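Novice: In case you want the letters, here they are:
There are 6 protein chains.
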Amino acid sequence: MKAIEYESASEAVCAVYDDTKATRGVADVNNFWKHLANEPRMLAHVWASLKDIMGPGALDPLTKELIYLAVSATNNCAYCMASHGAAARAKGASDEMLNEVYAVVGLANMTNRLANAYGVPVDEAFRPEG
Amino acid sequence: MKAIEYESASEAVCAVYDDTKATRGVADVNNFWKHLANEPRMLAHVWASLKDIMGPGALDPLTKELIYLAVSATNNCAYCMASHGAAARAKGASDEMLNEVYAVVGLANMTNRLANAYGVPVDEAFRPEG
Amino acid sequence: MKAIEYESASEAVCAVYDDTKATRGVADVNNFWKHLANEPRMLAHVWASLKDIMGPGALDPLTKELIYLAVSATNNCAYCMASHGAAARAKGASDEMLNEVYAVVGLANMTNRLANAYGVPVDEAFRPEG
Amino acid sequence: MKAIEYESASEAVCAVYDDTKATRGVADVNNFWKHLANEPRMLAHVWASLKDIMGPGALDPLTKELIYLAVSATNNCAYCMASHGAAARAKGASDEMLNEVYAVVGLANMTNRLANAYGVPVDEAFRPEG
Amino acid sequence: MKAIEYESASEAVCAVYDDTKATRGVADVNNFWKHLANEPRMLAHVWASLKDIMGPGALDPLTKELIYLAVSATNNCAYCMASHGAAARAKGASDEMLNEVYAVVGLANMTNRLANAYGVPVDEAFRPEG
Amino acid sequence: MKAIEYESASEAVCAVYDDTKATRGVADVNNFWKHLANEPRMLAHVWASLKDIMGPGALDPLTKELIYLAVSATNNCAYCMASHGAAARAKGASDEMLNEVYAVVGLANMTNRLANAYGVPVDEAFRPEG
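Residue numbers (our numbering), protein chains in the order written: chain A, 3 to 132; chain B, 3 to 132; chain C, 3 to 132; chain D, 3 to 132; chain E, 3 to 132; chain F, 3 to 132.
Just to be clear, a hint being listed does not mean it is correct.
[Said to hold, decoys possible] Facing chain A, according to a computed beta carbon distance under 10 Å, are these residues of chain F, among others:
1) ALA5
2) TYR8
3) THR22
4) THR25
5) VAL28
6) ARG43
7) HIS47
8) MET56
9) ASP62
10) LEU64
11) ASN78
12) SER96
13) MET99
Worth flagging that the hints you see were computed from the coordinates, not collected in a lab.
Model, not experiment: these values are computed from the prediction.
All residues carry an ideal CB built from backbone N, CA and C; glycine is no exception.
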């Protein structure tokens, strides 16, 4: 599927593009949205979800970008690592912070398999009191 | 493989257990370490790595626990979600924060596949020193 | 490993190539089979399985191509997305259908992690009556 | 996190529950929504997305349930296999159809790795627009 | 889907069961085959493939069981870890060997993500016939 | 992140590079280590773990390389497949052996999903006697 530029986009797609640009203060939306616009319903839902969850909440925006980056590295999404890595830097992430995110990603992927391989039973202390 | 308790552990394993207990100020190590002790070399390496990386660094300890939790949820490691969820709470994570972590995990897993499915090319702006 | 062309293939490999070309009515097999031919036993097994399962059955061939595409997008296999996307189009899939497949893939990858993260217990109503 | 029942749910959560019940013609929402309600924003977004994409579109609803099931089997989400398997049956899927879905899932997971392992280059014929 | 026992199985399924029992010298097939028998075509293909590839070849049978176990641990298939762990033991694997397999699985899952996260370019020396 | 060459590396990084070169008898470390050097603590931990576990132990070094390759193919790490494929060849792996590894990887990825999809219960015979 090709990227859909603003000029050739439907009204519904342009509305999402406009909101994205206004929310982020950018001149153009990035390639992810231009491709997702091939499915205008998903474009609207994904944008609405990200705008909401990645905005103000219980966690600060930088922490959420780092979590997004960590999941993207686990799933090997090169585009997402590039875009959320750039977003993290724009929100103040240093090289040291990004390297530490990757280190945690590496360790978690290792211990996730070790815990599953050994079939480790959950400790009583970790069970919610509920 | 069975869990290896302190009483029946080798000297090398006990040394790791002792350091874990002293570092974390706990009376006993959790089930993960007791199972990993079946491979004493890995026990020592994994503990040394986690002690180092999850300790003081560029990111605060809570952020690193949340990243660990996010990767564990992506990989569906129930044990790791329980242990790092408990660790995150011990370091101050609220229900709202944990729910937001899961929300970001859900979104990232969705957009990771969408970006890969559409084969979205990386934007020039995301390229380092571009 | 290099692709193995018909001219330099063993008799066993040529037999699979011939059957593939006759079954699909094509002049040459695609690159996947030419690489898999490095392991002639797997070539024969994989071809026999696909010919059988992707042929007439309980589901129509297009539905099976879309399912194949959805799994390939989940696993990030660019080659498989290209080949099964092309196969789906050849069997009548429109752009709208492929975009909708990707949308479902995105949603499923999101809710799969959310269901696992929350450890949602299976509803009684979903359990087979068995 | 505990399931949130209607009686103890916020107004926003109840509104989603009401819409889910009305849309599906059921007496109660299933456990997935009751757990996701711990993050009311995600509850609303996920429900809105699923209602829209899994409803009328380019593909018939049963096909989309089968795709959802296939992705869930690939990701090993037991809850999602149970819920979307039940939904597929409710929409007319036979045992033969579900077994064939699993067969395709198995084959795709096999050939996805083989294509990646051999680094198979995409055939010219699979490339869009020539 | 329920397990299909010999008594209630079709002729085609019984033929596979008989061959499995004769090949392995066992009194009954294990649960995997009894469930896969719900899709008799896949039962036949999967059995034929495994009998062939896991039998005599370039690698000894134990090495192949250990590889099977390593992939199963990476994918978190508890059933497959149990069955191929047992098969490995039956072919001579010691506790030390199985623990070392898990250790390698852990390391590989860690470095796989680190290599992808850093986007490490392939060294010239690793390229075939370079 | 850029690769860090010996000339511009810190003392701690040079020490790892030196040990890697001495252990492996090579003139330079490969690109993986040069990128991982951006996080000197992980560089040291990952190197120490690999040197130890991939060295002499319960399994011969070639078997461990093949397991590493199998996990890397499952996770689709192109760099790791290249580096561990080369290492396996250096330790004596033939084309036939590598092709058989890929065949086992394909089969395991198929049956892992089938076992999970059917929710196959673990046979009594596979349970450890513990």
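Novice: Determine for every hint whether it applies to the structure shown.
Specialist: Verification of the supplied hints:
Interface hint status for ALA5 of chain F: violated, as the beta-carbon distance to the closest one in chain A is roughly 14 Å, over 10 Å. Among the interface hints, the one on TYR8 of chain F is violated; its C-beta lies about 19 Å from the nearest C-beta in chain A, farther than the 10 Å criterion. Look at THR22 of chain F: its Cβ only gets to about 18 Å from chain A, farther than 10 Å, so that hint breaks. Checking THR25 of chain F against chain A: minimum C-beta separation of about 21 Å lies over 10 Å; hint violated.
Among the interface hints, the one on VAL28 of chain F is violated; its C-beta lies about 23 Å from the nearest C-beta in chain A, farther than the 10 Å criterion. For ARG43 of chain F, the interface hint holds, the least distance from its beta-carbon to any beta-carbon of chain A being 7 Å, beneath 10 Å. For HIS47 of chain F, the shortest C-beta to C-beta distance to chain A is roughly 9 Å, which falls under 10 Å, so the interface hint holds. Because the closest C-beta pair between MET56 of chain F and chain A is about 14 Å apart, greater than 10 Å, the hint is violated.
Look at ASP62 of chain F: its Cβ only gets to about 21 Å from chain A, farther than 10 Å, so that hint breaks. Interface hint status for LEU64 of chain F: violated, as the beta-carbon distance to the closest one in chain A is roughly 22 Å, over 10 Å. For ASN78 of chain F, the interface hint holds, the least distance from its beta-carbon to any beta-carbon of chain A being 6 Å, beneath 10 Å. Because the beta carbon of SER96 of chain F sits about 29 Å from the nearest beta carbon in chain A, more than 10 Å, this interface hint is broken.
Hint status for MET99 of chain F: violated, given a least beta-carbon distance of 24 Å to chain A, over 10 Å.
Checked against the numbered hints listed earlier, the structure breaks hints 1, 2, 3, 4, 5, 8, 9, 10, 12 and 13; every other hint is satisfied.
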